[in-house]
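Enquirer: The chain contents come next:
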Amino acid sequence: MPEMTYREALRSTLVEEMDRDPSVVLLGEDIGLYQGTFRVTEGLLERYGPKRVVDTPISELGFIGAGIGMAMLGLRPVVEVMTWNFSLPAADQILQNAAKVRYFSGGQVSVPLVIRGPNGAGVQLSAQHSQSFESFYGHFPGLRVVAPATPADAKGLLRTAIRSSDPVIFLEHAALYGVKGPVPDGDHAVPFGQAAVVRPGRHVTVVAYSRMLHLVLAVADRLAAEGIECEVVDLRSLRPLDVDTVAASVRRTHRAVVVQEQWPLFGAAAEIASGIYERCFDDLDAPVERVTGEDVPAPYARNLERLAFPDEDRIEQAVRRGLA
Amino acid sequence: MAEVIMPKMGDAMTEGKVVAWRKREGERVQAGEVLAEIETDKVNVEIEAEASGTLHITVPEGQAVPVGTVIAYINGPPARAAAPTPQAPSPAPAAPKPEVPPAEEPAGRVKASPLARKLAAEHGVDLLEVKGTGPGGRVVERDVLAWVEERAAQPAARPAPSPAEPDYEDVPLSRMRQAIARVVVQSKQQIPHFYVTTEVDVGRALELRAQVQEAFGEDERLSVNDLILKATALALRRFPDLNSQVLDDQTVRRHRRVHLGIMVATPDGLVVPVLRDADRMPLRELAREARRLVEGARAKRLRQEDTTGATFSVSNLGMYDVTHFVAIIQPPQAGILAVGRAQERPVVREGQVVVRPVLQLTVSADHRVTDGVGAAEFLAEVKRLLENPLLLLL
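Residue numbers (numbering that gives the first Met the number 0), protein chains in the order written: chain S, 0 to 323; chain P, 0 to 393.
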């Protein structure tokens with residue numbers, strides 16, 4: 000299996016899908032001439048020309064709305080947002096149109112649109128540019144929300160997203176673009192709504208997604224030295240949410256810790272904890288522990304930013320609490 | 000919203016116990032699906048959902064509650080009952096908090112994880128006896144497992160009971176035994192029993208049974224007890240004094256139909272399913288129905304109507320190697336037939352000693368409705384039918 004970075008996995012999937020299907024087109028700010036703020040679209044303007052790789056004005060409301068219209072008329076646009084924070088001016092388009100057109104049209108019109116870009120914190124982008132949107136978009140029926148943590152899942156989920164007939168909120172992470180990992184060759188696709196047990200263990204289930212998965216795996220390594228075996232579940236999809244895989248794991252370990260980067264209130268971890276309680280309450284030997292970001296706007300200063308988001312030490316403490 | 004209430008399954012029933020929930024808290028249920036198993040004085044019955052929706056359980060497994068108590072809601076309890084009284088949002092700068100005494104832990108409440116509770120139930124462990132080592136003294140999985148291990152190890156470690164331990168054990172009566180106790184005390188105190196015994200040559204009955212069984216093959220069964228039930232029912236039709244019930248000092252109610260109670264022993268106690276219209280039922284159908292009732296009684300899956308309305312009862316201890324016994328009448332009935340085991344015995348027939356299978360029948364009768372002669376005539380009719388078993392097929 001070839002090794003590649005998360006960024007290369009995304010780019011190669013765009014290339015494969017654009018080669019395969021001429022209706023796949025790219026839109027976004029600085030994705031062409033500048034080759035993308037995070038270099039995901041490097042070389043694509045040269046390869047496909049300005050009709051398929053479209054540099055847009057700085058107007059998310061405009062270009063995301065345009066993407067929705069293109070999708071309604073048969074194209075498969077992949078729209079890049081420079082970060083997910085910039086999707087807010089277009090939230091009306093995404094929530095009120097993209098998510099509802101199929102429903103409103105009685106199934107006559109679909110919106111096969113992918114919106115992708117970095118989500119989350121940890122790279123000193125301060126309060127306005129460090130937010131996490133999984134529970135925000137995950138709240139709305141009609142959308143699909145995925146958040147790959149590894150290059151293999153970045154590839155597999157992006158392929159499924161491009162071929163999906165639903166609007167997909169594709170949440171990358173700025174801190175992961177350079178992460179390397181093995182990526183399966185060929186037509187590798189990861190279905191939505193399937194969490195993965197990425198590390199088996201029998202003492203406690205630790206659930207995470209996106210960047211937090213890597214911290215959790217490091218903590219699992221640390222604890223393994225003491226004989227504590229964490230079973231690590233990577234959610235991969237937030238909507239649909241595969242609580243069944245999580246619950247099956249908790250039935251084996253009887254204890255659970257859920258880790259999210261975003262703020263605590265109404266976050267993904269609360270939804271997952273609730274799902275665990277609903278499905279396997281009688282199998283629990285301890286309350287579900289949550290690890291979340293602090294309930295403050297993200298600080299810019301490096302030392303403060305570190306304090307505001309989960310790190311390995313805090314995850315380890317939570318796992319130990321969960322094992323008490 | 001629909002309420003699920005503890006049903007009243009008979010005049011004597013004042014409370015019932017939820018033996019098992021078949022649906023989980025929060026589960027979607029469909030009208031007509033079985034929700035729970037309820038233990039009444041007589042039998043375990045299943046209760047069904049009367050509406051579809053989400054189940055909210057208010058009475059846990061193992062708890063007994065008075066008849067009429069809400070044991071669950073379908074589609075939620077009324078919001079008022081569930082939610083505490085809404086509080087006004089607290090005014091901004093630290094308003095003095097009303098002094099609320101710390102909520103007292105109700106006596107007998109143990110902090111335990113759900114898994115620990117499940118394990119404790121599985122192993123029959125009283126959580127009050129287990130020391131919790133989890134946060135705040137919570138009993139967790141390892142505590143229950145350690146306790147179970149310790150208990151298993153105890154007899155070896157401590158062969159003699161400690162001096163503080165009494166030489167006896169007080170065991171609470173199960174609800175079923177309590178009910179049986181009430182019935183037999185009432186019966187023996189209020190019904191003047193007398194007893195009449197006879198011997199029946201069941202040689203021809205056994206032959207007939209064997210022939211019919213051969214014709215049936217593997218799928219169906221005919222037992223001697225089925226023949227006895229049939230003979231009893233037919234005899235009762237002829238001698239209806241015993242198929243009656245004393246209403247008061249002036250009145251006896253004679254039943255026009257014969258419904259036989261069949262005494263069935265189960266690990267929990269006696270269950271008495273009722274074979275309806277046993278006198279009118281062809282033997283084959285009677286055998287099938289009797290079998291369904293006996294198996295249902297053992298498996299605790301009888302319906303309410305399967306256990307009510309008997310007019311006379313039959314108790315058979317033949318399979319326990321009992322030759323003779325007397326039974327206690329089930330009020331408000333007026334009689335019960337006790338059936339012993341068929342034994343090969345030397346019998347004099349036309350001046351010759353021959354070996355014949357003989358069985359003893361003893362009827363217990365209520366002296367208020369009949370006398371010795373009446374009971375004897377009834378018994379003679381049962382005997383005549385069993386010794387001429389073709390009459391049972393007519």
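Be careful, since some hints might not be right.
Label pairs and their computed distance ranges (CB to CB) [claimed, not checked]:
| # | chain 1 | residue 1 | chain 2 | residue 2 | range |
| --- | --- | --- | --- | --- | --- |
| 1 | S | 295 | P | 23 | 34 to 42 Å |
| 2 | P | 130 | S | 223 | 28 to 36 Å |
| 3 | S | 192 | P | 287 | 24 to 32 Å |
| 4 | S | 263 | P | 149 | 53 to 61 Å |
| 5 | S | 162 | P | 217 | 55 to 63 Å |
| 6 | S | 264 | P | 130 | 43 to 51 Å |
| 7 | P | 167 | S | 264 | 55 to 63 Å |
| 8 | P | 23 | S | 192 | 18 to 26 Å |
| 9 | P | 23 | S | 294 | 28 to 36 Å |
| 10 | P | 130 | S | 192 | 54 to 62 Å |
Heads up, incomplete: computed chain S residues facing chain P, CB under 8 Å, no partners named [claimed, not checked]:
| # | residue |
| --- | --- |
| 11 | 33 |
| 12 | 244 |
| 13 | 247 |
| 14 | 277 |
| 15 | 281 |
| 16 | 282 |
| 17 | 283 |
| 18 | 284 |
| 19 | 285 |
The set of hints was computed from the structure by calculation and includes no laboratory data.
Note that the Cβ used here is the ideal one computed from N, Cα and C, for glycine as well.
Enquirer: Indicate, hint by hint, whether the structure satisfies it.
Expert: Consistency of the hints with the structure:
{"no.": "1", "hint": "295/S x 23/P: 34 to 42 Å", "in the structure": "holds (39 Å)"}
{"no.": "2", "hint": "130/P x 223/S: 28 to 36 Å", "in the structure": "holds (30 Å)"}
{"no.": "3", "hint": "192/S x 287/P: 24 to 32 Å", "in the structure": "violated (51 Å)"}
{"no.": "4", "hint": "263/S x 149/P: 53 to 61 Å", "in the structure": "violated (41 Å)"}
{"no.": "5", "hint": "162/S x 217/P: 55 to 63 Å", "in the structure": "holds (59 Å)"}
{"no.": "6", "hint": "264/S x 130/P: 43 to 51 Å", "in the structure": "violated (37 Å)"}
{"no.": "7", "hint": "167/P x 264/S: 55 to 63 Å", "in the structure": "holds (59 Å)"}
{"no.": "8", "hint": "23/P x 192/S: 18 to 26 Å", "in the structure": "holds (23 Å)"}
{"no.": "9", "hint": "23/P x 294/S: 28 to 36 Å", "in the structure": "holds (34 Å)"}
{"no.": "10", "hint": "130/P x 192/S: 54 to 62 Å", "in the structure": "violated (43 Å)"}
{"no.": "11", "hint": "33", "in the structure": "violated (49 Å)"}
{"no.": "12", "hint": "244", "in the structure": "violated (20 Å)"}
{"no.": "13", "hint": "247", "in the structure": "violated (15 Å)"}
{"no.": "14", "hint": "277", "in the structure": "holds (6 Å)"}
{"no.": "15", "hint": "281", "in the structure": "holds (5 Å)"}
{"no.": "16", "hint": "282", "in the structure": "holds (6 Å)"}
{"no.": "17", "hint": "283", "in the structure": "holds (5 Å)"}
{"no.": "18", "hint": "284", "in the structure": "holds (4 Å)"}
{"no.": "19", "hint": "285", "in the structure": "holds (6 Å)"}
Going through the hint list in order, the structure does not satisfy hints 3, 4, 6, 10, 11, 12 and 13.
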